[in-house]
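S.K.: Starting from the given sequences, assemble the full structure and let the hints guide the process.
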Amino acid sequence: MENIDDYEYILVRKPASAVSAISNIYIWAPVIIWGAEAVILFFYRLDK
Numbered sequence: 001m002e003n004i005d006d007y008e009y010i011l012v013r014k015p016a017s018a019v020s021a022i023s024n025i026y027i028w029a030p031v032i033i034w035g036a037e038a039v040i041l042f043f044y045r046l047d048k
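The opening residue of the sequence shown carries number 1 in the numbering used here; numbering runs sequentially from there.
Among the hints, erroneous ones may be present.
[Unchecked claim] Each computed SDA-like pair below joins lysine to any residue, with the alpha-carbon atoms no more than 20 Å apart: (1) Lys-14 to Tyr-26; (2) Lys-14 to Pro-30; (3) Lys-14 to Ile-32.
[Said to hold, decoys possible] The following label-pair restraints were derived from C-beta to C-beta distances: (4) Trp-34 to Lys-14: 26 to 36 Å; (5) Lys-14 to Ile-40: 28 to 38 Å; (6) Ser-20 to Phe-43: 43 to 53 Å.
Hints listed in this document are in silico derivations from the structure and should not be mistaken for laboratory results. All C-beta atoms in this analysis are idealised placements derived from N, C-alpha and C, irrespective of residue type, glycine included.
M.R.: So, in structure tokens, the structure goes:
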């Protein structure tokens with residue numbers, strides 16, 4: 001069985017920059033994708 005101290009070390013030893021980057025990706029990636037989708041749908045002509 002894995003030592004609990006090793007597990008806690010893995011969880012705690014994340015750099016703040018890595019945590020910030022992951023958090024920003026979860027927030028901004030959907031916003032950027034939704035924005036791109038809105039632009040594409042705005043110019044999409046359903047009835048030609």
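S.K.: Taking the hints in turn, state whether each one holds.
M.R.: Verification of the hints:
1. Proposed proximity of Lys-14 and Tyr-26 is supported: the alpha carbons are some 17 Å apart, at most 20 Å.
2. Between Lys-14 and Pro-30 the alpha-carbon distance is near 24 Å, which puts this suggested pair outside the 20 Å criterion.
3. Our distance criterion of 20 Å between C-alpha atoms is broken by Lys-14 and Ile-32, whose separation comes to about 26 Å.
4. Between Trp-34 and Lys-14 the beta carbons are some 28 Å apart, a value that agrees with the proposed interval 26 to 36 Å.
5. With their beta carbons about 36 Å apart, Lys-14 and Ile-40 fall inside the hinted range of 28 to 38 Å.
6. Between Ser-20 and Phe-43 the beta carbons are some 35 Å apart, a value that contradicts the proposed interval 43 to 53 Å.
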